[in-house]
Every structure is written in structure tokens, then in C-alpha cells.
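Number of protein chains: 2
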Amino acid sequence: MGSSDYESPHRVAIPPSKPFLTSFASTVKETLFPEDPFRQFHGQPASRKLVLGLQYFIPILEWTPRYTFHFFKADLVAGITIASLAVPQGISYANLASLPPIIGLYSSFVPPLIYAMLGSSRDLAVGTVAVASLLISSMLGKEVSPVEHPKEYVQLALTATFFAGVFQASLGFLRLGFIVDFLSHATIVGFMAGAATVVCLQQLKGILGLAHFTHETDVVSVLGSVFEQVHQWRWESGLLGCCFLFFLLLTRYYSKRRPAFFWINAMAPLTSIIMGSVIVYLIHGERHGIEVIGHLKKGLNPPTLTELSFGSPHLTTTIKTGIVTGIIALAEGVAVGRSFAMVKNYHIDGNKEMIAFGMMNIAGSCTSCYLTSGAFSRSAVNFNAGCKSAVSNIVMAIAVMITLLFLTPLFYYTPLVVLASIITAAMLGLIDYEAAFHLWKLDKFDFLVCISSYAGVVFASIEVGLVTAVTLSLLRLLISIARPKTLALGNIPNSTIYRSIDQYPNAAKIPGVLILQIDAPIYFANANYLRERISRWICEEVEDRLKTTLQYVILDMSGVSGMDTSGITMLQEIKKNVDHMDLKLVLANPRSEVIKKLDSSKFVESLGQEWIYLTVDEAVAACNFMLHTCKLDPLDCHV
Amino acid sequence: MGSSDYESPHRVAIPPSKPFLTSFASTVKETLFPEDPFRQFHGQPASRKLVLGLQYFIPILEWTPRYTFHFFKADLVAGITIASLAVPQGISYANLASLPPIIGLYSSFVPPLIYAMLGSSRDLAVGTVAVASLLISSMLGKEVSPVEHPKEYVQLALTATFFAGVFQASLGFLRLGFIVDFLSHATIVGFMAGAATVVCLQQLKGILGLAHFTHETDVVSVLGSVFEQVHQWRWESGLLGCCFLFFLLLTRYYSKRRPAFFWINAMAPLTSIIMGSVIVYLIHGERHGIEVIGHLKKGLNPPTLTELSFGSPHLTTTIKTGIVTGIIALAEGVAVGRSFAMVKNYHIDGNKEMIAFGMMNIAGSCTSCYLTSGAFSRSAVNFNAGCKSAVSNIVMAIAVMITLLFLTPLFYYTPLVVLASIITAAMLGLIDYEAAFHLWKLDKFDFLVCISSYAGVVFASIEVGLVTAVTLSLLRLLISIARPKTLALGNIPNSTIYRSIDQYPNAAKIPGVLILQIDAPIYFANANYLRERISRWICEEVEDRLKTTLQYVILDMSGVSGMDTSGITMLQEIKKNVDHMDLKLVLANPRSEVIKKLDSSKFVESLGQEWIYLTVDEAVAACNFMLHTCKLDPLDCHV
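As they're listed, the protein sequences go chains A and B.
Residues 1 to 639 in full-length UniProt numbering are what the first sequence spells out, letter by letter.
Residues 1 to 639 in full-length UniProt numbering are what the second sequence spells out, letter by letter.
Hints in this document: simulated from the structure, not taken from any laboratory.
It is possible that part of the hints are untrue.
Given that identical chains are not distinguished, each listed pair holds provided it fits within a single copy or across any two copies.
[Said to hold, decoys possible] Straight-line C-alpha distance at most 20 Å; calculated SDA-like pairs for lysine to any residue: (1) Lys602 - Asn506; (2) Lys151 - Ile431; (3) Lys388 - Val77; (4) Lys29 - Phe262; (5) Lys575 - Phe227; (6) Lys485 - Phe182; (7) Lys388 - Leu550; (8) Lys320 - Phe310; (9) Lys441 - Ser606; (10) Lys151 - His215; (11) Lys205 - Phe262; (12) Lys344 - Leu583.
Note that the structure is predicted; figures quoted are calculated from it, not measured.
Next up, chain A with everything else stripped away, as it sits in the complex (with noise of 0.2 Å):
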């Protein structure tokens, strides 16, 4: 009876429903290895596979055979202008992270020969990183005082690295690397900016020469506790502190503005580095209140296996510190070799990179290193200097290591003050306003997230301000699916396209028809509002007296890519309210998986197959013929 009379052209398929294990098994490789890193191994040879699955654990093997003199020069060039960064700013950012400067400079040796193996990137020059060394500084000196018990506190900071490299590898084994996108680049600006912001104020030690500093990091605290201490604030220090900080602006500004002259930008910090130490050799600065680094031991990296404290009362605080500062570190490096990637249009594999950090860390907390990753400014030095391949962190290795063995006694004079101002150069780099500005005009949501962020960082904590960023985030995602977007469409004239009414002004309604898109997958955290939306639309368009009376509800599922059972309820729930108000639903379009769902759930016999087509146009087609023909006879149409 009813629509049964009408041909329609086209039908909507159910597919054959899979076995589970094999639905199961597609929907795990579809999550977990969406690039199919098996696809080339496909119907090789045996040996040929362990060729191929060497070079895929091993990048190196895969283009050493290809690498030629000509590109070893430009790593060679670029090696070398990195290592001259490489060097003022591991001393830096050890400082940072309140660690023996010397551990700082170790860790610009070994974990870049472990990326040259392991990583796929070619732009990234590894290094520490500033904020997660801040990150070290301030979860475990609030454990262990890194002055009290400054072995303790190494101790400390080589286990937490080591975890940070075993949830780095971890995360990229188990093919979690996805993770890391829950960190949205909003976030990350505001987290950035907030940390670079905290790391500025920090250097206010340094500069100032104060001898006492919270270990607090919030705005409040430190510019309480740099104000305390007005009177014991050093000119000296100050004076030489903020010559270094404009010269170091000054170049960066030139560079930025002639990218020809990238070099002055990325020598600077060492230039610096021997300008300051001169100056103070000369005026002996260290007997004026400007503090130095002194001695430091020749040599290069001695093993630390033994040193990693599992035993440890603070083993708990070791291991969270490892985990935040593996994730902020990841997110970091992995977005670096991302960016590059795509200007050189090559392909970076997420999940390998997490595997060659984790096992950089790993490698270098049994070498006395502290915590690396893909540093930004540095790599962005590298990419400019014209480097091609990893082998550029080869050269900074052996650069560093020169220095190790017979260059540490030129640092003797070398003043703390210089170093803060390297380190406050780097970070006020890192804000960036027009990208948060460029939120604001494109999606006032993620500006929310990036200015939370940024404000729960400068007046909270680090870990509130991340917290709160991906908090935010998530929300996002979770009302976008609990409040899906539900449209009338009408019909674009002279054509067979129905469209949004909203969108397309002149689109017009079908008398008798209300077509509603839905827009999200149906689950059980928005079905309820379809239902109760969706009731909405069909009374409004009842109430609306001008219309034809109301015959026919066409649901457009095209957008509903999933379904839960609660989702299948409110479809019924849906048609016996529809039913109630003697009107008909119609479906259009149901995908796959829904269709398959309905079918299972007898939603589909109850409904009458003959009620679901395959788009919204033959839908409409079939209620305008029942329409029509109810107009010349009524007693025969009832449906």
C-alpha cells in the first residue's frame, strides 16, 4: 500500500554484514596504522623483507646508499652553525633546568648520533629544549633541592629522562603517537607563549644577580620575589645582562628581515658567549657581583647507567616528570619535523619519530644527557644553513665533542648573565602574536584555548595551563558531537540538489515535505537532543498554518556516520512520534554501517524498505506522487 506503487529508481544497499573478527581486525588497523607501513612489504621476497623492515627501524640504512659528497658538504656547513648554537645553549638551558652546565653540553653529543640512526626527519637538530627543562626544574625541585642535594637532584633528573624516553618509545611501539594531536595548535601557541613568557621572567634571576628565587613559576610569585629583593638587585649584572639581550634582538631582527644573513642570527649566542666571557676576563667581573660558570670538567660523556635511582622515595614525582616532560617534548619535536616536512615535501612517520626520541632519551640518561627532542630555533638554523640530511647532527655531535675534550676551560669566565639573556632572546621569540591573533579571526574557540592556556601557564602552574588547554579542547570535541547541527534543506531551483535553507537563501521548501539534515554520527551523548530537536522542527513546521499541511518528514541521513543503540532507540522513538502525529518518515541516503545497524535491529522492516532511497531528490519525488495521488483519492493513500 502506499509508496509501494512508486518505482524507485534507485536502491539503498545493505551490505553483508562482516564477521566480527574481521570488522574488529579492519577497525583496529584503520586506528592504529592508518599509512599501512606494510604496504611495500606486500609479496617481497623473504630477504628482501628483512632488508625492508631493517631500513624501516633503521632509516639511516634507507638513505645512506643514495647520500653523496654534495650533500655532505651542506651538512657539513650546517653541522657546523648549529653546533655553534648548540653549545651556549645546552650550557643555558642545563642552567634552566638547574643542572651542572656540563650535562648540558653532553647532551648535544649523544642524543643526535642516536636521531642520525633512528629519526626520518632531515631538518631536526637535536638538543635540549627550554621549556621542558624548565619543566625538570620546577616538578622535581620541589622534591629534592637542587642546591642541597645537587647529586641527588642529577640522580633525579637522568631517571625521569629515562622515563620520558621509555613513554616516548612506548607510545610509538603501541602506535598511540595520536596522542600527541590531542595537543591542538592552539594549544600549543598559548603553551608556548606561556612557558616562554614564565622562562623570561626566570631569567630575572640571572640578570638582576639575585642569590635567593621562589621555585615557584607564576608571574605573581616571581616578580613578588624579584621586587623583595630590590635592593640587592646588581648594576653590573643588569647592565651587561641587557646589552647582550639587544645585541642579540638586534640580529635576529636583521636576520628575519634578509634570511641571506641567517648566520649572524645563529652565531650570535656564541659571539656573545666570548664577548661576555672577554669583558668579564678583562674587568674581573666575577669579583663585581657577575657570576661565571667556573670550572668545567674536560672530558667527554661519563655512563650513567648506575646513577638511574628506580629505588628512589621519589620515584612517583620522577616518573610523572618523565611522562609530562616526554609528552611536552614530543609535541614539540614531532610538530618541528612536521613543519619542515612539509615545506620539503617529504614524509615524516609520527609514530617512528616517538620511537627514535624515546630511544635517544633512553640511550642518553645512561650517558649523563638530561632530557632532548627537536628543538625549534635550533632546527630552523639548520634548515636555513641548507642542511639535507641528519648527518648535520652528526657534525654538531663531533662538534660538541671537540668542545668536551678541549675546549671546557675556555668557559671559565663565561657569565651567567650572558646566558640568561640567550635564553630570553630564544623565548621571546617563541610568542607569537600573530598566530594568536590569527585565532582570534579564524575561530574564536581556539583563541579561548590558546589564551587559557597562556593564562593558566603565567598565573597557575605549566601543568594547570596544559591541563586546561586540552580540557578545553576536548569540551570542544564532546559539545560538537552532543550538539550536532540539524538543517531544513530546500531545493536549489531548476535542479534535483537540495541544500541547506540556511546557506542557500534561495532554496525553497517542498510543500508538504520537511527535509531535515542531520550532521554528526547519532550516539547515545546526543541522541537525546535529536530527538528533542528534531520533534522541535516537525512542530514548528505544524504550527506554521500558511504551509500545506505537513504529510511527510524526509531525514538526510548522508551526514550520520555512525550509530549506537541509542541512536537506533531515537529513530525509533522518532518514527512512533511521527507515527503519532499521522505524518510519515522518510529516510535518504543511510551509510554503510547505519544502514547495516537498522537492518539488524528490524528498524528497517518496521519503517518499510520502500521508505529509504537513496537520495533526498527520490525521496521527495516519492512523497510528491503519494501527494498527488492522495489529492485524486484519498481513501486509498492512508499509509
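Put chain B on the given structure of chain A with help from the hints.
Showing chain B alone in chain A's frame:
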């Protein structure tokens, strides 16, 4: 140049961007007021608005004018029936909550009256509920022993009820009722079954007449505790309990098979109590190890406003208990109200229901009542007895009042073991095997959620079960966002329709054109995945040498309901990637919100407005036109 030669029949509309505050306000309205409660106020005079407003907040004002004597007769019968259930259940559940039995009776007097005024369900029967009762005793019992400090324990329970009420009412006032939606049906099925199992196990104490019992609720501790005391089992008590349990289950089985005799099931608990009391009185059971209720105070609810202990050292636990039990009670009550409203086809406003529940618990906590909600079993009896409105709750309250005033001495000899049997019988009805099987058949993931919820409650604790299930459900939502489907589309023969090749095997690919459908909003959580996945689609297509050389990649954006800044970046990267491969990117049917963002981020400009089409069909037509022209004159066509 390029496609500008081709005349596209329709343009994609770019709606003018609204001022920030307007769009913000409409988002807030859609999120918090999806059912638009203010619609009826539009264009009414002020006096009418006042009346409508009062009727909105106090629904009894709305329906009493239409109330008839015919309705009253039905409600009288239903009310007396549920009262006969309310009295034994009230005493039993108070026992389960480790509260004095009289508090269970008090709780069936005040709250139903409040609900009758404020509630919008016609079928809900208000009373104490088993799961919330158990939760109160397990959460508060850890802090204060109900045996050693009975007075303090009662105060805490009343205070927790107060907080539960405040929490429920605030959820309603703040329009945050959708939080309850995050407890999916699958979660509730598993949770209820688990709670029922746990409650049944607790009844072993009463049935076996044990004096000591563990405070834990998990199956291992409880069974351990039961079998440790195997020599203290009281056979008299056990025999009586089993007999009554058998009787209750038998009546339920009979009533289920013959719905007209629902009253047999409804009367069975009261009958058991009477029979039990008579038996104990006759055989002097209280001297043979059968515990009895003992003396119950005559009289109505004493006021307890001053008993609320806000200054207690256990305030945190009390608040936590209030929130957890409040949300569980809400979830049960709202779900019960909704399902009966669905059967009788009237509308229930979730947020208003929450306010009603909250108010009745706040009022209850000031009048010696502990937490109440809409109980499933009682409401089902109410519905079967033919209730017409909330007046049946008033009748029940009056019946309970009479009991309190005159009949309490009759319960002196009521054996506790009968109460245990009543609870056990009620709980066995909550274990819904069929629903679990249904979940397994329709949706494996929902089944997993259900089972973990059950296992968590039974083997760990009620809170663990709940948290596990909610986490799993949220994880599913997040995975569905993080791993959206991308589908290759093909042309359904002899039509302008493009559908997934997986679902419609007869859909034909277009030579030289790859059509991909993206199935979800593009947010930070999936932008990286989508970029990788789309690249893989393109690579696979390019590698497949049998095809015509790939020239165009059409992205069908119909399913992309939203986009954040990461999504925009991802599209820009895809474009760069596609450009690198000398292919051309084409968009089909971008939605209002998406095209606005693409426009303001200059993506539309960089892609060329002429490469954005209203339908996939028009995009394919344009590509085919270009492919054809290129074959004729390849020099002219390189875009």
C-alpha cells in the same frame, strides 16, 4: 585559464559572517535551550506571560484545570496500589542504606507531594531507590559507622541528600541536564545489573541472619565474608527468606505472563510482610534468630533542617556522596520518566524534571527524608494500575501518612529477612540479560561498555564501574572523531549520484579523478590523521598503473560539519601536497561554517573559487570537461 572556461551551473554560497556576539548567542541558545522553552511566550501580553511562566515552573497549575473525576478514580486505584509497594520498599531500602526503617517511610511522604506539584511526568512514582541507597551506605559507612554513631550517620545521610538536591536543581537551572546523556543506555544496563548483583549479595546478610558483615561491596569480599561465618548461618532465617523469595518471584512470573493480574505482583511485597509478621508473631521467631524491625515511632516526619551538618569534618565525603548519588538517581528518574512519556506520547523536559527532583530532595532533607527519585519498579506498577497524573503520588503520600500516624506498631514483628527477600526479588528484575544480548547483536562496543560497567561494579566498586563505563563511552566518541572515515566515491550508473564504492559495488570510478568523502568535522584531533589518510589514498591511486593517470582529487565536504584552525592548516597542506604531485584539488559542497572559514583564511582565494562546486557531479563534470579539452590541446590546459 583552466576551469574558468567551464561554466558551473551553481555557485557555493558563502554566507556573510555574522557579528561575533550574534553567533555566540545563537550557539549558546542551541547548546543550552535546544527545545526553545520561550517559544510560547512570544507575542503574549504581560499577564498571560506571568500565568504561562508560573505554569512552566509549577506544572500542576497547568494540568489541574483539566483534571476530571474520571481521572481521579484511576489515580486513586493506582495510588493505593503503589502505596502497598512503597511501605515495604521504603523500609527495605532504608535498611539497605543502613538507616532506621522509619526514615524510609518518611521518604515516601514529603517528596511525592513536592514532585506532584513540580514534576512533568504523569507516570513516575516517587520513592527511595535501591542503588542510591546502597551507595549512601557504602560511601558514608566508610566515614562514620551506622552502628556505632547512628545519629551522626543519619545527619550525614540527610546532608548528602541536601547536596544531591542542590546539585540536581542546579543542573536543571543551569540547563546542564545533557550531562546525564553521557551515561549511555549501555552504561546504565551494565551498571544497574552490576548494582543489582551487589545489592543481592548484600542481602545474604539478612537472609542468613549474619551479625557481622564486610563494608566492601565487591563480590570477592562479600562472598569471603559470608563463607568465613559459615557456622553462624541461621537456618530458620534462611528458610523463611528462601520461601518468601520464591513466593515473590512466582507472583512476578505469573503477573508477567498475565498483565491483567499486575496487582498480584504489586501486592506481593505487602502480603509477604503481613505473612512474615504473622508467622514470626505466632512462632516467636524473634527468639529463634529471626531479627525483627522492632519499635517504630508513630507520627509524621519531624523537621530536620537543624540536623544538616555542614560543619562536619566529613563534609567532603558528604558532598561527594551527594553528587554521585544525585546523578545516579537523576539518570534513573529521568530515564524512567522519559520511557513512560514515550509510551503515552507526551513530552518531558529533562531540565525541569531535574529541578523537580532537586526541590523534592532539598525539601526531603529538611523533613527526615533521604534521597528519593523516580523508581523504575514502582513507576511500572503505577503505569500498569492505570494512573492518569501525578495525583497518584499524592494518594500514595496520604496512604503512607495514615500508615505513619496509625499503623507503625503493626510492623513490630516484621522480620528483616522478609525485607531482604523483597529487595532481592526487586533486584533480580533489574538484571536485564536481554538488553545485554541486544547490545551484543547490534553494537559490540556498546556491549563492551556494558560488560565493563558490570564487571567494574561487581569486582571493584560502584564508582569504579561507573567511571570505567563513562571513560570507555567517551573514548569511543573521541576515537570516532580522531579516526573519521574517508571513502572513495563512484558514480551510480545512469545517474548523477555519487556514492561510496564500498557500499555500492556497482558505483563506477571516474578515470583520472579520485573522489574522496570526508566524514567528520575536521578538528585538531583528526587533522593529522586525515592528512595522512588522504595522502595514502592519492598515493595508492597514483601507484595503480592500470588506471588512467590521476589528474584531479575531489574532496566531498558534505560531511564536514565544522572546522577549526588545525583543519584549515590541514587543507592548505593537502593542497600543497596535491600541487606538488601536479594534480588539482577540487572541493565539493563545503558547508556554511566551513566555507566561511576557508574564505576568511584566504584558502578559497589560493585554490580559486572556480574549483569549488556545489555537488560532486558538477565537480566531476568540470574535471571531465578539462580532461577532454586537455587531450585536444594539452598546452592550453595546464592549470
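Tested hints:
1. Neither within a single protomer nor between protomers do lysine 602 and asparagine 506 lie at most 20 Å apart by alpha-carbon distance, with minima of 38 Å and 26 Å respectively.
2. Taking the shortest alpha-carbon separations for lysine 151 and isoleucine 431, neither the intra-copy value of 34 Å nor the inter-copy value of 59 Å comes in at or below 20 Å.
3. For the identical chains of this complex, lysine 388 and valine 77 are intra-copy neighbours only, at 10 Å inside a copy versus 87 Å across copies, given an alpha-carbon limit of 20 Å.
4. For a Cα distance limit of 20 Å, the shortest separation of lysine 29 from phenylalanine 262 qualifies neither inside one copy, at 44 Å, nor across copies, at 52 Å.
5. For a Cα distance limit of 20 Å, the shortest separation of lysine 575 from phenylalanine 227 qualifies neither inside one copy, at 70 Å, nor across copies, at 52 Å.
6. In the homo-oligomer, the alpha carbons of lysine 485 and phenylalanine 182 lie at most 20 Å apart only across protomers (18 Å), although the nearest pairing inside one protomer, at 23 Å, exceeds that limit.
7. Taking CA atoms no more than 20 Å apart as the test, lysine 388 paired with leucine 550 passes in neither setting, with 68 Å inside one copy and 30 Å between copies.
8. Proximity of lysine 320 and phenylalanine 310 under a CA criterion of 20 Å is satisfied intra-copy only: 13 Å inside one chain copy versus 36 Å between copies.
9. Taking the shortest alpha-carbon separations for lysine 441 and serine 606, only the inter-copy value of 18 Å comes in at or below 20 Å, while the best intra-copy value is 49 Å.
10. With identical chains, the CA atoms of lysine 151 and histidine 215 are at most 20 Å apart within one copy only, with a shortest distance of 19 Å there and 47 Å across copies.
11. Within a single copy, lysine 205 and phenylalanine 262 get their C-alpha atoms no closer than 30 Å, and across copies no closer than 80 Å, so neither meets the 20 Å cut-off.
12. Proximity of lysine 344 and leucine 583 under a CA criterion of 20 Å is satisfied inter-copy only: 17 Å between copies versus 59 Å inside one chain copy.
Checked against the numbered hints listed earlier, the structure breaks hints 1, 2, 4, 5, 7, 11; every other hint is satisfied.
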